[in-house]
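Undergrad: Sequence:
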Amino acid sequence: GVPSYFLRTGGCNLSCPGFGATYEVDGEVRYGCDTYFAVDSAYAKSWLKVDDSQTLIDTLQDKFTTIGYKPHVVITGGEPLMYHSDKVFYAVVSWLVKEGVQITFETNGTIEIDFEAYPAYKSCIFALSLKLANSGEPEQKRIIPQALKNIQTYAKESFLKFTIDKELVETTAIDEIDQIRDILPKLEVFCMPVGESRDTIRQNDKAVFEFCMKYNFRYSDRLHIRVFDTTQGV
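Residue numbers for the sequence shown follow this note's numbering, beginning at 71 and rising by one.
Honestly, the hints are just simulated from the structure, not real lab data.
Glycine included, each C-beta is placed from N, C-alpha and C at the ideal position.
You may find that some hints are simply not true.
Pairs of lysine-lysine, DSSO-like flavour, derived with a Cα cap of 27 Å [to be verified]:
| # | residue 1 | residue 2 |
| --- | --- | --- |
| 1 | Lys-119 | Lys-192 |
| 2 | Lys-256 | Lys-192 |
| 3 | Lys-168 | Lys-219 |
| 4 | Lys-157 | Lys-219 |
| 5 | Lys-140 | Lys-192 |
Have a look at the derived ranges for each label pair, beta carbon to beta carbon [as the list claims (entries may be wrong)]:
| # | residue 1 | residue 2 | range |
| --- | --- | --- | --- |
| 6 | Lys-219 | Val-158 | 25 to 31 Å |
| 7 | Gln-273 | Asn-83 | 26 to 32 Å |
| 8 | Arg-296 | Asp-122 | 35 to 41 Å |
Work out the full structure, taking the sequences as your base and the hints as a guide.
TA: Below is the structure:
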């Protein structure tokens, strides 16, 4: 519910075919997460390449001036931490931190950051959106304990966020989440219903809501999809 600007990076180190969002590329039906357009390299031609940090900084400054305040900035993907050591990317993050903008990274938590070499990340919040069995990814690829502990130790704040569906709620969700909480026992847990559209959210939201009530987790809805459905860029 906080006004936020989203910076979405292209590319991801996971594909998550189990999430079941279907899309077509040159006549081929593919399966992936709800942000497949930011993950699949087939869409790379639509991604904006930023070669100069100042260009993006100036754009953000103009946007902030126009709206009259500094919103929160959410950096998402794809997987944004793939670029954490990129010179241009880090310069933009550093500027936002210097300006006092609250930054939240939405990350799958599989990439280890050198917080000493890149100290601006110590001022950021990390939403650790770890993938569970319903992602279709093998456990050894989606759960990297050292990367997670590193973020918990050095970041300003971090929390766990799981995207789950009705089927997972009724089967392995709590066992999988408890396994991850053994690694990060002090982090708060948010759960979000799977859904790339209003219709798919409705198929899962009640089950996820009741799951959160049962286990004292926080329910996180997909507000932008509730309001705008499948429209991108809002």
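Undergrad: Decide, hint by hint, whether the structure agrees.
TA: Here is how each hint holds up against the structure:
Under the criterion of a C-alpha separation no larger than 27 Å, the hint pairing Lys-119 with Lys-192 is consistent with the structure, at around 26 Å. With a C-alpha separation of about 18 Å, the suggested pairing of Lys-256 with Lys-192 holds against the 27 Å cut-off. Restraint check: the Cα-Cα separation between Lys-168 and Lys-219 comes to about 26 Å, which is no more than 27 Å; the hinted pair holds. For a cut-off of 27 Å, the pair hint linking Lys-157 to Lys-219 stands: about 25 Å separates their Cα positions.
Restraint check for Lys-140 and Lys-192: satisfied, since their Cα atoms lie roughly 20 Å apart, inside the 27 Å limit. One distance hint, 25 to 31 Å for the beta-carbon pair Lys-219 and Val-158, holds here, with the actual separation near 28 Å. One distance hint, 26 to 32 Å for the beta-carbon pair Gln-273 and Asn-83, holds here, with the actual separation near 28 Å. Judged by the Cβ atoms, the range 35 to 41 Å given for Arg-296 and Asp-122 holds: they are separated by roughly 36 Å.
Going down the numbered hints, you'll see the structure goes against none, and every one checks out.
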